[in-house]
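**Q** Quick note on full-length UniProt numbering: the sequence shown kicks off at 1 and runs consecutively.
These aren't lab readings, by the way, just hints derived from the structure by calculation. The structure presented is a predicted model; accordingly, all values stated were derived computationally and were not measured. We put the beta carbon where it would ideally sit given N, CA and C, even for glycine. Not one of these hints is a red herring.
Distance condition first, Cα-Cα at most 25 Å in a straight line; then the derived BS3-like pairs of lysine-lysine: (1) LYS168 - LYS62; (2) LYS148 - LYS168; (3) LYS148 - LYS209; (4) LYS331 - LYS372; (5) LYS168 - LYS209; (6) LYS39 - LYS62; (7) LYS39 - LYS69; (8) LYS331 - LYS251; (9) LYS69 - LYS372; (10) LYS168 - LYS69.
Label-pair restraints from in silico Cβ distances: (11) GLY303 - GLN80: 35 to 43 Å; (12) ASP273 - ARG124: 43 to 51 Å; (13) ILE32 - ARG210: 48 to 56 Å; (14) ASN259 - GLY188: 22 to 30 Å; (15) HIS190 - ASP125: 19 to 27 Å; (16) LYS372 - ARG184: 45 to 53 Å; (17) PRO126 - LEU24: 52 to 60 Å; (18) PRO23 - GLU264: 52 to 60 Å; (19) THR262 - PRO126: 27 to 35 Å; (20) GLU40 - THR139: 26 to 34 Å; (21) PRO126 - SER50: 47 to 55 Å.
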Amino acid sequence: MASPTARIRTEEDLSAASSVSPPLPSDALFEILLRLPAKELCRLRAVRSSWRSLTRDASFIKDHTARHKGPYLATTLFDQEGESCGVSIIDLSSCDVIKRIYTVERGFRLQRTDLDLVCLVGGRDPLAVTVLNPATGATLCPSLDFAKEYEYLLERRSVSVDLCALGKVPSTGDYKVLRVLRVRSPLGWHQLCEIMTLDSSNHTHWRAKRPGPLSTVHSHNKKQSVVIHGVVYFLLDYPKPHLTHLNKAFKPGSIASFNLETEEWMPTINGPDLRSFYEGEDLTGIYDDPDIMVNLSITNLNGSLVMVHILCGISVSIWFLTDLENALWVKRYGISSRHGNCCAYPLALLDDDQRIILLSQANDAVQSYDPKTDTYSDMLHLEDCSSTGIYTGSLLY
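Can you build the whole structure from these sequences, using the hints too?
**A** Below, the structure is given as structure tokens:
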């Protein structure tokens with residue numbers, strides 16, 4: 001990576017060359033600037049107005065985004081008091097912070113996404129949902145706190161967000177947010193479902209939807225939901241042994257799914273047979289212990305639905321869903337417990353060398369794991385490992 005001094009010289013040389021040399025043909029200039037990273041382009045915009053106009057052109061930004069795919073990490077910025085106050089975009093290939101976006105919202109948590117937008121949930125209003133465009137800094141919030149059918153909740157304080165997921169419908173390009181609320185009533189807890197479609201008018205509103213299988217179980221763990229190709233997948237909690245009626249309804253590792261295009265719940269997906277996670281291992285009494293289910297999570301690796309199971313003292317198994325219709329899962333990675341990383345969560349799979357980017361919640365660090373050499377490498381430290389996502393959009397603005 002070039003040093004700051006080298007960058008300054010590059011800008012000075014380009015500025016000097018532009019003042020004494022005839023202008024480059026537009027096609028040649030386009031190709032040259034297309035090769036530079038976004039951070040350098042933003043600096044070079046101050047050199048000449050023609051370069052500034054070119055690098056802000058929609059076609060250039062589109063081509064630049066396609067060439068510089070990252071991966072980029074979106075993570076939370078914190079102020080001196082430890083309150084979230086913005087979002088950082090980090091280039092995982094260099095671990096450099098490419099951009100910082102400060103927001104009016106405070107105290108939020110960043111939802112796990114894999115998009116060109118970022119979803120911020122909670123804060124001073126625990127039910128708030130804000131969508132941020134890191135490229136422009138623009139934010140979008142719903143005009144009302146609840147769907148009209150749920151306005152009676154405004155008078156209640158016993159309402160929380162169980163699930164919030166931002167996704168994109170591939171066929172239309174629409175962005176939608178699914179939110180599941182947990183509401184306390186005299187009869188106990190129950191869940192309500194809402195959805196909203198984003199638009200540029202800033203008059204987006206929630207619409208009530210039929211609750212799905214989530215109404216029987218709940219979780220606050222963001223590692224248990226993911227959006228892939230316009231479908232929200234939610235890992236259902238494993239029912240405790242005394243809840244026999246739920247044990248019959250859901251198998252361990254079952255996954256609920258919601259189609260953002262049709263706005264309907266889809267059939268529940270069976271996870272892999274947990275007994276096959278550890279063939280040959282002595283698991284006497286372990287499989288019957290529901291506590292092992294606490295270490296189940298799902299993630300999106302290059303567009304595939306992936307289930308991760310961590311069994312402390314044994315290993316980490318990473319399974320890919322290869323056949324949705326038949327619920328066929330294939331184990332592609334197994335990490336030995338000798339590494340001592342019992343809190344790893346796979347966030348991305350690099351195309352070039354198949355390294356896995358992991359979030360280590362034990363020490364709030366980002367690590368890379370090379371399955372070819374069975375080794376870990378520390379990449380960077382985060383203030384809050386649980387408030388992160390993958391950013392796929394442009395870094396130009």
